[in-house]
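Undergrad: Top line first, the protein sequences correspond to chains A and B. Okay, so the first sequence: first residue is 280 according to this note's numbering, each after it adds one. Okay, so the second sequence: first residue is 247 according to this note's numbering, each after it adds one.
Everything labelled a hint here was simulated from the structure, so no lab data went into it. Be a bit skeptical, because a hint or two may be false.
Label-pair distances were calculated between CB atoms; the ranges are [as the list claims (entries may be wrong)]:
hint, chain 1, residue 1, chain 2, residue 2, range
1, B, Arg377, A, Tyr304, 39 to 45 Å
2, B, Lys381, A, Leu559, 24 to 30 Å
3, A, Ile465, B, Gly310, 28 to 34 Å
4, B, Lys381, A, Pro307, 41 to 47 Å
5, A, Val288, B, Lys381, 38 to 44 Å
6, B, Glu545, A, Glu282, 48 to 54 Å
7, B, Lys381, A, Phe555, 30 to 36 Å
8, B, Leu552, A, Val288, 48 to 54 Å
9, B, Asn399, A, Arg400, 38 to 44 Å
10, B, Glu493, A, Arg400, 57 to 63 Å
Pairs of lysine to any residue, SDA-like flavour, derived with a Cα cap of 25 Å [to be verified]:
hint, chain 1, residue 1, chain 2, residue 2
11, A, Lys484, B, Leu350
12, A, Lys484, B, Thr337
13, B, Lys370, B, Gly385
14, B, Lys381, A, Arg491
15, B, Lys556, B, Pro532
16, B, Lys349, A, Phe482
17, B, Lys601, B, Val526
18, B, Lys381, A, Glu489
19, B, Lys381, A, Ile463
Some chain A residues flagged as far from chain B (calculated, every beta-carbon gap over 12 Å) [stated by the list, open to error]:
hint, residue
20, Asn281
21, Phe283
22, Val288
23, Gly299
24, Arg339
25, Ala364
26, Leu366
27, Ser395
28, Met427
29, Phe434
30, Thr436
31, Val446
Even for Gly, the Cβ is constructed at its ideal location relative to N, Cα and C.
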Amino acid sequence: MNEFQRRQVKNRIIVVILVGMLCVYLFPIYWMFSTATKTKLDAFSLPPKWVWRPQIENFRNVFYVGAGGALGRVKGIEVKPKPSAFLRQLGNSIIVSFVSTLLATFLGALSGYVFSRMRVRGKDDLLFVILSSRMLPPVVIAIPLVMMYRALGLFDTLFGLIIMYTVFNLAFAVWMMRSFVDDIPIEYEEAALVDGYSRFQAFFKFIFPEMRVGMVATAIFSLIMTWNEFTFSLLLTGERARTAVPSIAHSLGTAGVNWGHIAAGSFLMVLPVVVFTFLLGGNLIRGFTFGAIKE
Amino acid sequence: MAEIVLENVVKNFGKVRALRGVTVEVKDGEFLVLLGPTGAGKTTTLRIVSGLEEPDEGKVYIDGQLMNGVAPRDRNCAFVFQNYILYPHMTVYDNLAFPLRSKLWRVEEDEIRRRIERVARVLKIEHLLRRKPDKLSGGEQQRVALGRAMVRNPRVFLMDEPLSNLDAKLREEMRVELKSLQKNLQATFFFVTHDHVEAMTLGDRVVVLNQGSVMQVGAPEVVYSRPANLFVARFVGTPEINLIPAEVMGETLRCKTMGTTWKLSEIPFFQEVRNIPSRVFMGIRPEDILLGQGDKFGEVYLVEDLGVDKVIRVKTDHTILRVRASQEAQFAVGERVPYLFRTEKLIFFDPVTEKLLG
Numbered sequence: 280m281n282e283f284q285r286r287q288v289k290n291r292i293i294v295v296i297l298v299g300m301l302c303v304y305l306f307p308i309y310w311m312f313s314t315a316t317k318t319k320l321d322a323f324s325l326p327p328k329w330v331w332r333p334q335i336e337n338f339r340n341v342f343y344v345g346a347g348g349a350l351g352r353v354k355g356i357e358v359k360p361k362p363s364a365f366l367r368q369l370g371n372s373i374i375v376s377f378v379s380t381l382l383a384t385f386l387g388a389l390s391g392y393v394f395s396r397m398r399v400r401g402k403d404d405l406l407f408v409i410l411s412s413r414m415l416p417p418v419v420i421a422i423p424l425v426m427m428y429r430a431l432g433l434f435d436t437l438f439g440l441i442i443m444y445t446v447f448n449l450a451f452a453v454w455m456m457r458s459f460v461d462d463i464p465i466e467y468e469e470a471a472l473v474d475g476y477s478r479f480q481a482f483f484k485f486i487f488p489e490m491r492v493g494m495v496a497t498a499i500f501s502l503i504m505t506w507n508e509f510t511f512s513l514l515l516t517g518e519r520a521r522t523a524v525p526s527i528a529h530s531l532g533t534a535g536v537n538w539g540h541i542a543a544g545s546f547l548m549v550l551p552v553v554v555f556t557f558l559l560g561g562n563l564i565r566g567f568t569f570g571a572i573k574e
Numbered sequence: 247m248a249e250i251v252l253e254n255v256v257k258n259f260g261k262v263r264a265l266r267g268v269t270v271e272v273k274d275g276e277f278l279v280l281l282g283p284t285g286a287g288k289t290t291t292l293r294i295v296s297g298l299e300e301p302d303e304g305k306v307y308i309d310g311q312l313m314n315g316v317a318p319r320d321r322n323c324a325f326v327f328q329n330y331i332l333y334p335h336m337t338v339y340d341n342l343a344f345p346l347r348s349k350l351w352r353v354e355e356d357e358i359r360r361r362i363e364r365v366a367r368v369l370k371i372e373h374l375l376r377r378k379p380d381k382l383s384g385g386e387q388q389r390v391a392l393g394r395a396m397v398r399n400p401r402v403f404l405m406d407e408p409l410s411n412l413d414a415k416l417r418e419e420m421r422v423e424l425k426s427l428q429k430n431l432q433a434t435f436f437f438v439t440h441d442h443v444e445a446m447t448l449g450d451r452v453v454v455l456n457q458g459s460v461m462q463v464g465a466p467e468v469v470y471s472r473p474a475n476l477f478v479a480r481f482v483g484t485p486e487i488n489l490i491p492a493e494v495m496g497e498t499l500r501c502k503t504m505g506t507t508w509k510l511s512e513i514p515f516f517q518e519v520r521n522i523p524s525r526v527f528m529g530i531r532p533e534d535i536l537l538g539q540g541d542k543f544g545e546v547y548l549v550e551d552l553g554v555d556k557v558i559r560v561k562t563d564h565t566i567l568r569v570r571a572s573q574e575a576q577f578a579v580g581e582r583v584p585y586l587f588r589t590e591k592l593i594f595f596d597p598v599t600e601k602l603l604g
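In isolation and in its complexed conformation, chain A is listed as follows (with noise of 0.2 Å):
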């Protein structure tokens, strides 16, 4: 074998390698798929059944209540399918998410920015202590939590969850944007104020869209962490700001566990992030990189 045949093969051995992790890892998304387009009984039929007739019913489910089954006539009663909050729920996710991460990402360039080009006095305990928000975990602060938002009337507002996530994604904003701006040559600042620009003139015309691939970054990782968000929304909620992660756990219900609810439910989850992802991926990898490599 010479030196060409020898990196073929080893290629190809990678490429093995590949597609067993991509198996591996898509295994779920393909459980969570199939449950949802399965029957109840074929969900649990063992072994499982690997061709089935795909069925859209656990969607319907998770839009209408009381469709499943019920639909048509009952003892001559017309059944007809109800909305269920679901959509209510999924707009209460999109309304928090973004707005929440828009307001983090400004707010963490802002911050970024001064805690990488000003004198702050106390700059490292200050970024420690905004990390160190994130070391708890966010059952420990839960109860106190609650607590603060009954008495503030913050308890099932959609201004309350928001208020919650713009702090919880803050901290990794700040830290993420903090390294951006350390990347930003200050000349590029100093370039402007000889020029004849103000520190705030230079800050927004030339730093700002320098800073525009590490806010597209820290944007997606903040809406990726708030919209899977479960245990705030489920603790700090009731019935109207609660958004759709933890209403699809809700459905664990009394008369046992839907899993081709669940499934349905989580799938149509993941589905906007996934495209989200896709979409400005590009940024993400950039983002990841950014400040690795030396230019």
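Position chain B relative to chain A; hints supplied.
TA: For chain B alone, coordinates are given in the frame of chain A:
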């Protein structure tokens, strides 16, 4: 156009003393080069003139106006950075227009276009105006950076090692262009470099800076032929100056490490200068030693062929002399050669104060 005066400027960064009382004057229309090794405080000096840094002590004047506490944008200086700092998200045209678009000047777009076209013509970058900076070569980027400084007719040009990122050939070209540009604009240039060749070729005058203090101010040829102290002597010129410890004993000058002596009457210096300490450092430039003549001998230790000429190291007792010889000179390593010092070129330093004698 303008003159710059720095008066006793002190700047500390924490415990680091960057500038320890620097006094420099840049005359109107002058090309002044600030020369020094890394960490000498050259860039700090420039940043203090531009207003990016405030001095801890001392005064900065531009055109006789006190500049302490004046914001950078109100000083009307142009700053060319070492790494050019062109805005990557803007075209070359926008990069050039950017100083003019500041609210401070209120220049009409028509006027901006005319000025950019003029500058682009001078710098031969007309064909690049629509491109983004990352599509330009180093030399082109450098021109654009220069153009950005030129468009608004600043009072002074501050240049922080603008040529050091270019390859050797381009650097030489740009050196010539920069010099002719400065003469045509009759502008005041304050230029920082660590490259003494650049300083020699560009500067009307050279300021040598070391560890935050001015070592010498003078015309390039003066700095070269009569360095104010040992530091300047060593820093300026390649190959480095030969510095040999010597002793005055009666009517002779003895160089123990070279194992040789001169009669004082042979050396013009000793006829002109009185009150010479008994121990001195004798300095002689490599080109002021002639090989193949004279009555003193050394052994060829190493021959470096530089193309234009040769640098030959000659060992005499414990000293290795650096000698510049012409390309035609043929010497073999180990060969015994006679050498001759051009005694009128000898300079002497006080070994205690390290200052030039005479």
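Undergrad: Could you run down the list of hints and mark each one as holding or not?
TA: Verification of the supplied hints:
1. At about 43 Å, the beta-carbon gap between B/Arg377 and A/Tyr304 stays in the expected band of 39 to 45 Å.
2. Evaluation of the 24 to 30 Å hint for B/Lys381 and A/Leu559 yields a pass: the beta carbon distance comes to about 25 Å.
3. Between A/Ile465 and B/Gly310, the C-beta spacing of about 31 Å keeps the proposed range 28 to 34 Å intact.
4. At roughly 45 Å, the beta-carbon separation of B/Lys381 and A/Pro307 lies within the given 41 to 47 Å, and the hint holds.
5. Range check, A/Val288 to B/Lys381: Cβ separation about 41 Å, and the 38 to 44 Å hint holds.
6. One distance hint, 48 to 54 Å for the beta-carbon pair B/Glu545 and A/Glu282, holds here, with the actual separation near 52 Å.
7. Distance hint check for B/Lys381 and A/Phe555: the Cβ-Cβ separation is about 32 Å, which falls inside the suggested range of 30 to 36 Å.
8. Between B/Leu552 and A/Val288 the CB atoms are about 52 Å apart, so this pair conforms to the stated range of 48 to 54 Å.
9. About 41 Å separates the C-beta atoms of B/Asn399 and A/Arg400, a value consistent with the hinted range of 38 to 44 Å.
10. At roughly 59 Å, the beta carbons of B/Glu493 and A/Arg400 sit within the given window of 57 to 63 Å.
11. As the CA atoms of A/Lys484 and B/Leu350 are separated by approximately 15 Å, the hinted pair is consistent with the 25 Å bound.
12. At most 25 Å may separate the alpha-carbon atoms for a hinted pair to count; A/Lys484 and B/Thr337 meet this at roughly 14 Å.
13. For a cut-off of 25 Å, the pair hint linking B/Lys370 to B/Gly385 stands: about 11 Å separates their Cα positions.
14. Note on B/Lys381 and A/Arg491: the hinted pairing holds, with a Cα-Cα distance of about 20 Å set against a maximum of 25 Å.
15. For a cut-off of 25 Å, the pair hint linking B/Lys556 to B/Pro532 stands: about 11 Å separates their Cα positions.
16. Distance check on the hinted pair: B/Lys349 and A/Phe482 sit about 15 Å apart at the alpha-carbon level, within 25 Å; holds.
17. Taking the CA atoms of B/Lys601 and B/Val526, the gap is about 10 Å. The hint holds against a cut of 25 Å.
18. The hinted pair formed by B/Lys381 and A/Glu489 meets the criterion: a straight-line CA distance of about 17 Å does not exceed 25 Å.
19. Between B/Lys381 and A/Ile463, the direct Cα distance comes to roughly 19 Å. Compliance with the 25 Å bound is thereby established for this hinted pair.
20. Once the 12 Å rule is applied to beta carbons, A/Asn281 is consistent with being away from chain B; the minimum gap is 39 Å.
21. For A/Phe283, the requirement that its beta carbon stay farther than 12 Å from each beta carbon of chain B is met, with the minimum near 36 Å.
22. Taking the minimum C-beta to C-beta distance to chain B, about 39 Å, the non-interface status of A/Val288 holds against the 12 Å cut.
23. The Cβ of A/Gly299 sits about 40 Å from the closest Cβ of chain B, beyond the 12 Å cut-off, so the non-interface label holds.
24. Consistency note on A/Arg339: stated as away from chain B, and its beta-carbon is indeed over 12 Å from all of that chain's, at 48 Å minimum.
25. The Cβ of A/Ala364 sits about 45 Å from the closest Cβ of chain B, beyond the 12 Å cut-off, so the non-interface label holds.
26. No beta-carbon of chain B is positioned within 12 Å of the beta-carbon of A/Leu366; the least distance is around 40 Å.
27. Under the 12 Å C-beta cut-off, the non-interface status given to A/Ser395 relative to chain B holds; the minimum distance is some 17 Å.
28. Every C-beta of chain B lies more than 12 Å from that of A/Met427, the closest at about 43 Å, which supports listing it as non-interface.
29. In this structure A/Phe434 is separated from chain B by more than 12 Å, as the shortest Cβ-Cβ distance comes to about 45 Å.
30. At roughly 40 Å from the closest C-beta of chain B, the C-beta of A/Thr436 stays outside 12 Å, upholding its exclusion from the interface.
31. Consistency note on A/Val446: stated as away from chain B, and its beta-carbon is indeed over 12 Å from all of that chain's, at 32 Å minimum.
Hint compliance for this structure: every hint is met.
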